[in-house]
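Enquirer: Here's the letter readout for the chains.
There are 2 protein chains.
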Amino acid sequence: MLQQLPEKTVERLSQYRRILLNYRFVEHAYIYSHNLARIVKTNAANVRRDLMLIGVSGDFHKGYDINELLGKINEALDYSHVTRIAFIGMGELGRSVAAHFGQNNTSMQIAATFVFGKPPANLLDGIPCFNISELQQMIRQMNIELCVVAVPENFARELTTILVHAGVSGILNFSPVQLQLPAWVHVEQFDIITKLEKTAYFMKRKHRGK
Amino acid sequence: MLQQLPEKTVERLSQYRRILLNYRFVEHAYIYSHNLARIVKTNAANVRRDLMLIGVSGDFHKGYDINELLGKINEALDYSHVTRIAFIGMGELGRSVAAHFGQNNTSMQIAATFVFGKPPANLLDGIPCFNISELQQMIRQMNIELCVVAVPENFARELTTILVHAGVSGILNFSPVQLQLPAWVHVEQFDIITKLEKTAYFMKRKHRGK
Numbered sequence: 015m016l017q018q019l020p021e022k023t024v025e026r027l028s029q030y031r032r033i034l035l036n037y038r039f040v041e042h043a044y045i046y047s048h049n050l051a052r053i054v055k056t057n058a059a060n061v062r063r064d065l066m067l068i069g070v071s072g073d074f075h076k077g078y079d080i081n082e083l084l085g086k087i088n089e090a091l092d093y094s095h096v097t098r099i100a101f102i103g104m105g106e107l108g109r110s111v112a113a114h115f116g117q118n119n120t121s122m123q124i125a126a127t128f129v130f131g132k133p134p135a136n137l138l139d140g141i142p143c144f145n146i147s148e149l150q151q152m153i154r155q156m157n158i159e160l161c162v163v164a165v166p167e168n169f170a171r172e173l174t175t176i177l178v179h180a181g182v183s184g185i186l187n188f189s190p191v192q193l194q195l196p197a198w199v200h201v202e203q204f205d206i207i208t209k210l211e212k213t214a215y216f217m218k219r220k221h222r223g224k
Numbered sequence: 015m016l017q018q019l020p021e022k023t024v025e026r027l028s029q030y031r032r033i034l035l036n037y038r039f040v041e042h043a044y045i046y047s048h049n050l051a052r053i054v055k056t057n058a059a060n061v062r063r064d065l066m067l068i069g070v071s072g073d074f075h076k077g078y079d080i081n082e083l084l085g086k087i088n089e090a091l092d093y094s095h096v097t098r099i100a101f102i103g104m105g106e107l108g109r110s111v112a113a114h115f116g117q118n119n120t121s122m123q124i125a126a127t128f129v130f131g132k133p134p135a136n137l138l139d140g141i142p143c144f145n146i147s148e149l150q151q152m153i154r155q156m157n158i159e160l161c162v163v164a165v166p167e168n169f170a171r172e173l174t175t176i177l178v179h180a181g182v183s184g185i186l187n188f189s190p191v192q193l194q195l196p197a198w199v200h201v202e203q204f205d206i207i208t209k210l211e212k213t214a215y216f217m218k219r220k221h222r223g224k
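Protein sequences, first through last, are from chains A and B.
Going letter by letter, the first sequence gives residues 15 to 224 in our numbering.
Going letter by letter, the second sequence gives residues 15 to 224 in our numbering.
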C-alpha cells in the first residue's frame with residue numbers, strides 16, 4: 015500500500031491515464047514526461063515527481079514505458095476496486111459521464127440515477143432511475159458509496175445528510191452550498207457558479223481584443 | 015477600466031461576492047480579511063491582495079466596508095453587463111444553476127436550454143427548451159454569448175464549432191475532450207471525470223481510517 019498522494023498528483027494521474035489509454039493505440043510504446051506535461055498543461059518536473067511518487071522512473075533515452083505506467087497508475091488509484099456511484103439530478107451530463115466510463119474505465123460503475131419528477135423510462139441506457147423519494151432505501155440496497163449531487167441549494171444539506179446515513183462516504187457536490195458532514199465523508203466541491211462567472215469574465219476580455 | 019485580473023483572483027472575487035451577499039443581512043457592515051479567508055479556504059494575505067487589485071483597502075480596525083466591497087467587485091467582474099447563457103444537455107443541474115442566478119445574480123441570464131430528445135414542456139421554469147437540431151439558429155437569434163456544454167465526447171467537437179460560428183465566445187465544457195477553437199474564444203474546462211476519480215481516491219482512504 016502506497017502512502018496518500020497529494021491532491022494535485024491524484025488529479026494529474028487521472029488525466030495521464032486517459033491520455034495514455036488513447037496514446038498507446040496510435041503512437042509508440044514509450045512517452046516522455048514533457049509530452050505528458052504539454053497535454054495536461056503542467057511542467058515536466060511535476061510529471062516526473064508525480065510518477066516517482068507512484069514508483070515509476072523513466073528511461074533517460076526512451077522515456078516511460080506506457081504499459082508499465084498504466085499498470086502503476088491503476089494500482090495507485092486503486093482501479094481494482096469498483097466504486098458504485100449514483101447521480102442525483104444530473105440529466106444529460108450523467109449520460110455523458112456514463113458513456114465515458116462505459117468506454118474507458120472499469121473502476122467506476124454508475125449504479126443508479128435519481129430525479130425529482132417521474133423517472134423517465136431510459137434516462138441512461140441500462141441504468142435504473144428512481145424518484146428522489148426512494149433515495150435512502152435504494153442507496154442502501156444498492157451499496158452505493160459515492161454520489162454526485164446536483165440539486166437546488168435549499169435541498170442540498172438535507173439530501174446529503176440522508177445520503178451519509180444511508181452509507182455514502184464520498185460526495186461530489188455541484189450545489190453552491192458548504193456541506194457540514196462527518197469528517198470521514200470526503201466532499202469534493204465543484205463550484206459551477208464561480209466557473210461560470212470566471213468564463214464570462216475572460217470571455218468578455220478576449221472578445222474585446224478580437 | 016481595470017487591468018485583467020489573475021484567474022485565481024477572479025474565482026475568489028466571485029466567491030467573496032456570494033459570501034458578502036449573505037453576510038450583510040445577518041452581520042455587521044464590515045468584514046475582516048481573515049473572515050473572508052477562512053470561508054473561501056485561503057489566507058488573509060491573498061484576500062488583501064485580491065481586494066487591492068480591485069482598488070479597495072480596508073480600515074485597520076474595522077475591516078472592509080461590505081457595501082463598498084460589493085460595489086467594487088461588481089465593477090471588476092463587470093456585473094452591469096448581463097451575459098446571456100445557454101445550457102446544452104444539463105438537465106437538473108441547469109435547474110439548480112438557474113435557481114441560484116434567479117435569487118442572487120443579475121449579471122447572468124439563462125436564455126435557453128437544449129436537449130437531445132423531445133424538449134420537455136417545462137425543464138426550467140420560464141426558460142425555453144429546444145431540440146439540439148435548432149442550435150445554430152436559436153443561438154444566433156437569441157444573441158447567446160456563453161454556452162455550458164455537457165454532451166457526450168463524440169459530439170463535443172462538432173457541436174462547439176457550430177456554437178462558435180453562431181457567435182458564442184465563451185464555453186464552459188464538461189465533456190472530457192480538449193477543444194480546438196479560435197484564440198478569441200474562452201474555453202473553461204470542467205473535468206468531471208478527474209473530479210470523480212479524485213473523490214473516489216480520497217473517499218476510500220478516509221473510509222479505511224474510520
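Keep in mind the hints are simulated off the structure, nothing from the lab.
Check each hint, because a few of them may be wrong.
[Said to hold, decoys possible] A short, non-exhaustive set of chain B residues, derived as facing chain A with CB atoms under 8 Å:
1) 91
2) 94
3) 180
4) 181
[To be verified] Not the full set, but computed from the structure, chain A residues with beta-carbon under 7 Å of chain B:
5) 22
6) 160
7) 202
8) 203
[To be verified] List of simulated lysine-lysine pairs, DSSO-like, C-alpha gap at most 30 Å:
9) 220(A) <-> 220(B)
10) 86(A) <-> 86(B)
11) 209(A) <-> 86(B)
12) 218(B) <-> 220(A)
13) 55(A) <-> 22(B)
14) 55(A) <-> 55(B)
15) 55(B) <-> 209(A)
16) 55(A) <-> 132(B)
17) 132(B) <-> 86(A)
18) 218(B) <-> 55(A)
19) 22(A) <-> 132(B)
20) 132(B) <-> 132(A)
21) 209(A) <-> 220(B)
22) 22(A) <-> 55(B)
23) 55(A) <-> 209(B)
24) 220(B) <-> 132(A)
Glycine included, every Cβ here is placed at the ideal spot set by N, Cα and C.
Enquirer: All hints, please: hold or fail.
Expert: Here is what the structure says about each hint:
no. : hint              : in the structure
1   : 91                : holds (6 Å)
2   : 94                : violated (11 Å)
3   : 180               : violated (14 Å)
4   : 181               : violated (10 Å)
5   : 22                : violated (10 Å)
6   : 160               : holds (6 Å)
7   : 202               : holds (4 Å)
8   : 203               : violated (9 Å)
9   : 220(A) <-> 220(B) : violated (42 Å)
10  : 86(A) <-> 86(B)   : violated (49 Å)
11  : 209(A) <-> 86(B)  : holds (20 Å)
12  : 218(B) <-> 220(A) : violated (41 Å)
13  : 55(A) <-> 22(B)   : holds (16 Å)
14  : 55(A) <-> 55(B)   : holds (24 Å)
15  : 55(B) <-> 209(A)  : holds (17 Å)
16  : 55(A) <-> 132(B)  : violated (39 Å)
17  : 132(B) <-> 86(A)  : violated (45 Å)
18  : 218(B) <-> 55(A)  : holds (28 Å)
19  : 22(A) <-> 132(B)  : violated (40 Å)
20  : 132(B) <-> 132(A) : holds (16 Å)
21  : 209(A) <-> 220(B) : holds (28 Å)
22  : 22(A) <-> 55(B)   : holds (16 Å)
23  : 55(A) <-> 209(B)  : holds (17 Å)
24  : 220(B) <-> 132(A) : violated (35 Å)
Checked against the numbered hints listed earlier, the structure breaks hints 2, 3, 4, 5, 8, 9, 10, 12, 16, 17, 19 and 24; every other hint is satisfied.
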